[in-house]
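Protein chains: 2
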Amino acid sequence: MSELTGNLLVAQSGGPTAVINASLAGVIQEAGRHECIEEIYGGLNGVLGILNEELIDINEERSRTIEGLKTTPGAALGTCRYKIDFKKKPAAAARDMDRLFEVLAAHNIRYFHYIGGNDSQDTAHKIHEQALARGYELRVNGVPKTIDNDLPHTDHCPGYGSVIKYVGATVMEITTDVSAMATDDGACCVIEVMGRSAGWIAAGAVLAQRQPGDAPHLILTPEILLDEAAFLEKVRAVVAINKYCVIVVGEGVRNAAGQELGADASRLDAFGHPVLSGAADHLAEVITEKLKLKTRTVKLGYAQRAAAHFASLTDATEAAACGVAAVRAAVEGKTGFMVKIVREQSSPYQWTTGLQPLGDIANVERLIPRDWFTADGFLPNEKFVEYARPLIEGEVKVTIEGGLPRFVELVKSRVEKKLPPRA
Amino acid sequence: MSELTGNLLVAQSGGPTAVINASLAGVIQEAGRHECIEEIYGGLNGVLGILNEELIDINEERSRTIEGLKTTPGAALGTCRYKIDFKKKPAAAARDMDRLFEVLAAHNIRYFHYIGGNDSQDTAHKIHEQALARGYELRVNGVPKTIDNDLPHTDHCPGYGSVIKYVGATVMEITTDVSAMATDDGACCVIEVMGRSAGWIAAGAVLAQRQPGDAPHLILTPEILLDEAAFLEKVRAVVAINKYCVIVVGEGVRNAAGQELGADASRLDAFGHPVLSGAADHLAEVITEKLKLKTRTVKLGYAQRAAAHFASLTDATEAAACGVAAVRAAVEGKTGFMVKIVREQSSPYQWTTGLQPLGDIANVERLIPRDWFTADGFLPNEKFVEYARPLIEGEVKVTIEGGLPRFVELVKSRVEKKLPPRA
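Protein sequence lines correspond, in order, to chains L and B.
According to the numbering used here, the first sequence is numbered sequentially starting from 1.
According to the numbering used here, the second sequence is numbered sequentially starting from 1.
Hints may contain errors.
[What the hints assert, rightly or not] Here are the simulated DMTMM-like cross-link-like pairs (lysine to aspartate or glutamate), alpha carbons at most 25 angstroms apart as the crow flies:
{"id": "1", "chain 1": "L", "residue 1": "K88", "chain 2": "B", "residue 2": "E393"}
{"id": "2", "chain 1": "L", "residue 1": "K243", "chain 2": "B", "residue 2": "D184"}
{"id": "3", "chain 1": "B", "residue 1": "K243", "chain 2": "L", "residue 2": "D214"}
{"id": "4", "chain 1": "L", "residue 1": "K417", "chain 2": "B", "residue 2": "E416"}
{"id": "5", "chain 1": "L", "residue 1": "K412", "chain 2": "B", "residue 2": "E395"}
{"id": "6", "chain 1": "L", "residue 1": "K397", "chain 2": "B", "residue 2": "E137"}
{"id": "7", "chain 1": "L", "residue 1": "K418", "chain 2": "B", "residue 2": "D184"}
{"id": "8", "chain 1": "B", "residue 1": "K88", "chain 2": "L", "residue 2": "D184"}
{"id": "9", "chain 1": "L", "residue 1": "K89", "chain 2": "B", "residue 2": "D185"}
{"id": "10", "chain 1": "B", "residue 1": "K417", "chain 2": "L", "residue 2": "D184"}
{"id": "11", "chain 1": "L", "residue 1": "K243", "chain 2": "B", "residue 2": "E409"}
{"id": "12", "chain 1": "B", "residue 1": "K243", "chain 2": "L", "residue 2": "D119"}
{"id": "13", "chain 1": "L", "residue 1": "K89", "chain 2": "B", "residue 2": "D214"}
{"id": "14", "chain 1": "L", "residue 1": "K383", "chain 2": "B", "residue 2": "E401"}
{"id": "15", "chain 1": "L", "residue 1": "K83", "chain 2": "B", "residue 2": "E54"}
{"id": "16", "chain 1": "B", "residue 1": "K397", "chain 2": "L", "residue 2": "E395"}
{"id": "17", "chain 1": "B", "residue 1": "K417", "chain 2": "B", "residue 2": "D155"}
{"id": "18", "chain 1": "B", "residue 1": "K89", "chain 2": "L", "residue 2": "D184"}
{"id": "19", "chain 1": "B", "residue 1": "K89", "chain 2": "L", "residue 2": "D185"}
{"id": "20", "chain 1": "B", "residue 1": "K243", "chain 2": "L", "residue 2": "D57"}
{"id": "21", "chain 1": "B", "residue 1": "K243", "chain 2": "L", "residue 2": "E416"}
{"id": "22", "chain 1": "B", "residue 1": "K412", "chain 2": "L", "residue 2": "D227"}
{"id": "23", "chain 1": "L", "residue 1": "K397", "chain 2": "B", "residue 2": "E395"}
{"id": "24", "chain 1": "B", "residue 1": "K294", "chain 2": "L", "residue 2": "E416"}
Hints were generated in silico from the structure; no laboratory data involved.
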């Protein structure tokens, strides 16, 4: 273990989650426990803000605010989708890296933690490699985050448990509604959730089933191309039994030809422009037309990944622990890793954190194995359920004021800039 | 006070809410306290099930289940949108009424409580009038219910407080997400909520504003025709200040020509109203095209009216009290009323229940007064806030099992049929 004294910089990137701020709190609180870490800075809007030297002084924030981050959704530092892309824009990427290391050096930053998904871990990996190449002593450890749950090597990703807990509860609630309204005419509800290429969120809705046959009756994921005829037959059969059918669909589900359902270019509006509807709206149209069933849609959108008011305590706890682990590893001299969650056993659930080289993460996307679905592909099976069930356990206690959540906001006291503006 | 001994029939109608079952629990628990009420029956799927003599014996249900109804969304007895329509189908309506009174007489039903919105109170009113005309001694008192909050004479409707509490929290959460992602490019999110002709739900989202200028930045309601140019200018101005803009839109919002933004005139529901969808998608298209801002949509659909996991305790308490009051009034000899909520004062909030003749309710729809909006019509003002704020106070405690809500279900022990099937 080599002692390295200097400042710490933490930033957030990509789509927010209900618990990405819990990871931020974990980083900050752990950093405060180590004397080798002098100042704690936050980079605004991820690497984009860092390039613009937009740093805030975390030690100016109240401890109560930092603790409150653990139940505040969004991303308190702001995020970005900015990519330092050496492949497509090598000259710009080289300039960005020069600038980035100027900023790091100007503020004596020796610890860097990037909280994010695939692209963010890729960025962290590049910064790690550049630090080595430039001989700039910097400890870079990524903290995983993504509702999509598609990062490799980690058992699951912070953010995922909360989104499927919320989606599961929402499916249960909608089912009480749809079933109450169902008459002999039959009725369907299609609930669209996020997940462009991985179906983890849609699949997680299966936890709403207390018994076999409960809603959701069908779950469509991007992993399995949709056989429309088989789908309609299944819906028909479910309605014949229940009088209603609840379907969960991931936004990126594709048809047998491999085209996204929601990007059907064959339909034109009054001006002759293609109508781009969502996957749920598309399915509702098909069901209405082919089965003559009244079908309503729900599109949870951003609501699902921000739903702190029903976040998973397990998820929030793990998210914070990942932040803590990243700092601990750095203080112990480790760099170039992403923290991962290691499942020790499912029942009772036991987990710990581990480290995975950042180079193993970038651009690898983990999908749901085919044998985690039923034979017909319309529902996840018991293997998936065993995997997902522990992740939604426990409820985060959000502060309520006047009947609504009271989230914290950072004061964002700016660190004085030491460099000329970015060219 | 005239003593009337016999059985009680309760049924639910129209769209479910997070608390319509709390009203049912109120009716059942109060009915159990009066010796003049012998059996307590539930009618399945509203008047439709009653016509088919589909009654269940509530005394076969466990007390724990009845108590659990207070935190279970949906409509435990099932609902319908069936209308006994003397105007459009006089012969069928006359047959229905004959059949209905056969069922009531066959089961010695002397107390009838219908829990529902405008159309359901209209049905209750007709049954009351028919009972008088037929000389059948029946006490008919309606229990109000509707997330739309558009019933006249009652200060507000059970179901409304819960939906705006959920929508308010969701707007707050989505705002943390949108604001975290906002860069100089600007971003918008349009959240579509229910409200066919009244904008109470959309307006309720204003409670998410902790301070002036907070999201939601614009709220569009059916009460005010949309001036698209003024709307776009307002969005542009908000984005110039915040880099992002959060908009809440009621599904029934109309343009300057009076046409619904999301109307599809080809689809009609059982009452002949057009099925609306797509106000948010329409606005997102306009914003993207005219302002070149990345715009996402959220369509909460059924999720909003079933969200028991974040229901208002004030709302659930009032819903149960309305059920209690309906039975008490009937036992005291009153008939032909709808229970209403009477506000005694707003701060601190004090309320009681009252009675309004059913004839005053039918086909009257209450809209938001124009002077409850700001001058430009894009936000409700302090008059609305004073009205709505008390309704979301307190949180219902839903039983959680395995990380998800545990709702109750009725056993639904059928009452033996005494009549031949409905012709």
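Now for the hints, and whether the structure bears them out:
1. Proximity of K88 of chain L to E393 of chain B is assessed by CA-CA distance (about 53 angstroms); at most 25 angstroms being required, the pair is judged violated.
2. A distance of roughly 49 angstroms separates the Cα atoms of K243 of chain L and D184 of chain B; the hinted pair therefore is violated under the 25 angstroms criterion.
3. This hinted pair does not check out: K243 of chain B and D214 of chain L have alpha carbons roughly 43 angstroms apart, beyond 25 angstroms.
4. For a cut-off of 25 angstroms, the pair hint linking K417 of chain L to E416 of chain B is broken: about 82 angstroms separates their Cα positions.
5. Distance check on the hinted pair: K412 of chain L and E395 of chain B sit about 32 angstroms apart at the alpha-carbon level, beyond 25 angstroms; violated.
6. In summary, the hint linking K397 of chain L to E137 of chain B is not supported, as the alpha carbons are separated by about 52 angstroms, beyond the 25 angstroms threshold.
7. Taking the CA atoms of K418 of chain L and D184 of chain B, the gap is near 23 angstroms; set against the 25 angstroms cutoff, the hint holds.
8. Using a Cα cut-off of 25 angstroms, the hinted pair K88 of chain B and D184 of chain L holds, with the two alpha carbons roughly 23 angstroms apart.
9. The straight-line distance between the Cα atoms of K89 of chain L and D185 of chain B is roughly 20 angstroms, inside the 25 angstroms bound, and the hint therefore holds.
10. In summary, the hint linking K417 of chain B to D184 of chain L is supported, as the alpha carbons are separated by about 20 angstroms, within the 25 angstroms threshold.
11. For the given pair, K243 of chain L sits about 17 angstroms from E409 of chain B by alpha-carbon distance, which is consistent with the 25 angstroms threshold.
12. Taking the CA atoms of K243 of chain B and D119 of chain L, the gap is near 24 angstroms; set against the 25 angstroms cutoff, the hint holds.
13. Restraint check for K89 of chain L and D214 of chain B: the C-alpha separation of about 38 angstroms exceeds 25 angstroms, so the hint is violated.
14. About 20 angstroms separates the Cα atoms of K383 of chain L and E401 of chain B, which keeps this hinted pair within 25 angstroms; it holds.
15. For a cut-off of 25 angstroms, the pair hint linking K83 of chain L to E54 of chain B is broken: about 63 angstroms separates their Cα positions.
16. Between K397 of chain B and E395 of chain L the CA atoms are separated by roughly 12 angstroms; this keeps the pair inside 25 angstroms, and the hint holds.
17. Between K417 of chain B and D155 of chain B the alpha-carbon distance is near 40 angstroms, which puts this suggested pair outside the 25 angstroms criterion.
18. With a C-alpha separation of about 21 angstroms, the suggested pair K89 of chain B and D184 of chain L falls inside the 25 angstroms cut-off, and the hint holds.
19. Of the supplied pair hints, the one linking K89 of chain B and D185 of chain L holds, its CA atoms being roughly 20 angstroms apart against a limit of 25 angstroms.
20. Taking the CA atoms of K243 of chain B and D57 of chain L, the gap is about 23 angstroms. The hint holds against a cut of 25 angstroms.
21. The straight-line distance between the Cα atoms of K243 of chain B and E416 of chain L is roughly 23 angstroms, inside the 25 angstroms bound, and the hint therefore holds.
22. Between K412 of chain B and D227 of chain L the alpha-carbon distance is near 38 angstroms, which puts this suggested pair outside the 25 angstroms criterion.
23. Taking the CA atoms of K397 of chain L and E395 of chain B, the gap is near 12 angstroms; set against the 25 angstroms cutoff, the hint holds.
24. For the hint pairing K294 of chain B with E416 of chain L, the CA-to-CA distance comes to about 32 angstroms; that exceeds 25 angstroms, so the pair is violated.
Hint violations for this structure: numbers 1, 2, 3, 4, 5, 6, 13, 15, 17, 22 and 24, all remaining hints satisfied.
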